[in-house]
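Engineer: Sequence:
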Amino acid sequence: MFLNVLGGALYGALEGWMLCCALTTLGACNCYLLAKYCCRHLLLRYFKRRIVELTDTVHRNRHQLLYFLLFIRIFPMTPNWFVNMASPIVGVPLHMFCFSVFVGLMPYNFICVEAGNVLGTLSSLDDLFSKATLLKLLFLAFIMLLPSLYKRSRRQRHGFANLDLSSSYIL
54 MFLNVLGGAL
64 YGALEGWMLC
74 CALTTLGACN
84 CYLLAKYCCR
94 HLLLRYFKRR
104 IVELTDTVHR
114 NRHQLLYFLL
124 FIRIFPMTPN
134 WFVNMASPIV
144 GVPLHMFCFS
154 VFVGLMPYNF
164 ICVEAGNVLG
174 TLSSLDDLFS
184 KATLLKLLFL
194 AFIMLLPSLY
204 KRSRRQRHGF
214 ANLDLSSSYI
224 L
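Just so it is clear: in the sequence shown, position 76 is 129 by the numbering used here, and no numbers are missing.
Simulated from the structure, these hints should not be mistaken for lab results. Fair warning: this is a prediction, and the values are worked out from it, not measured in the lab. Careful: at least some of the hints might be erroneous.
[Said to hold, decoys possible] Computed beta-carbon distance windows for the label pairs:
(1) 109 to 87: 20 to 26 angstroms
(2) 106 to 204: 20 to 26 angstroms
(3) 144 to 209: 23 to 29 angstroms
(4) 59 to 92: 23 to 29 angstroms
(5) 116 to 66: 34 to 40 angstroms
(6) 71 to 134: 20 to 26 angstroms
Yeah, the Cβ is synthetic: ideal placement off N, Cα and C, and Gly gets one too.
Please model the complete structure; the sequences and the hints are all you need to start from.
Structural biologist: Following this line, the structure appears as structure tokens:
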């Protein structure tokens with residue numbers, strides 16, 4: 054968050070936001086690759102239960118995985134560090150991961166960059182994360198869920214709700 058705020062202070066709202074979106078995506082993708090090639094056994098040792106839960110969730114949402122990934126990125130209480138490191142283990146493709154980070158973290162990056170842009174008028178960063186701001190982020194997360202809910206309701210109406218197209222889990 055600090056570097057996003059600094060980006061807003063140094064480069065202004067638009068340039069700082071674009072730079073932070075690109076660099077946040079690059080950093081998250083590096084974390085993804087590091088976890089995929091170097092940390093898999095450590096993550097499974099220390100976070101096995103949570104990884105199994107995320108694997109089940111990814112498996113249940115495999116038909117709308119992009120919408121699910123966007124939702125968890127926009128939802129303000131998601132531990133992004135865990136999602137970054139667990140995604141390669143639970144079978145999220147890198148291209149989908151990258152896109153979801155770039156688009157899903159745009160609102161958060163905008164808030165942080167805007168804070169840097171108006172840093173002189175803020176007394177603390179807590180002023181920026183007000184109840185109104187969190188409600189707006191929750192509203193955005195809900196909006197991101199709508200396509201997934203619509204798709205699920207269409208499948209249920211057409212009798213595809215319980216169709217399992219895969220017999221194996223990722224782990």
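Engineer: The structure should be examined with respect to each hint, and the outcome stated for every one.
Structural biologist: Quick rundown of the hints versus the structure:
Evaluation of the 20 to 26 angstroms hint for residue 109 and residue 87 yields a pass: the beta carbon distance comes to about 24 angstroms. Look at residue 106 against residue 204: about 22 angstroms separates their beta carbons, and that is inside 20 to 26 angstroms. Separation of residue 144 from residue 209 is about 25 angstroms and conforms to the stated range, judged on CB atoms against 23 to 29 angstroms. For the pair residue 59 and residue 92, the beta carbons lie near 28 angstroms from each other, so the given range of 23 to 29 angstroms is met.
In this structure the supplied range 34 to 40 angstroms holds for residue 116 paired with residue 66, their Cβ-Cβ distance being about 37 angstroms. In this structure the hint that residue 71 and residue 134 lie 20 to 26 angstroms apart at CB holds, the actual value being about 23 angstroms.
Of the numbered hints stated above, none is contradicted by the structure.
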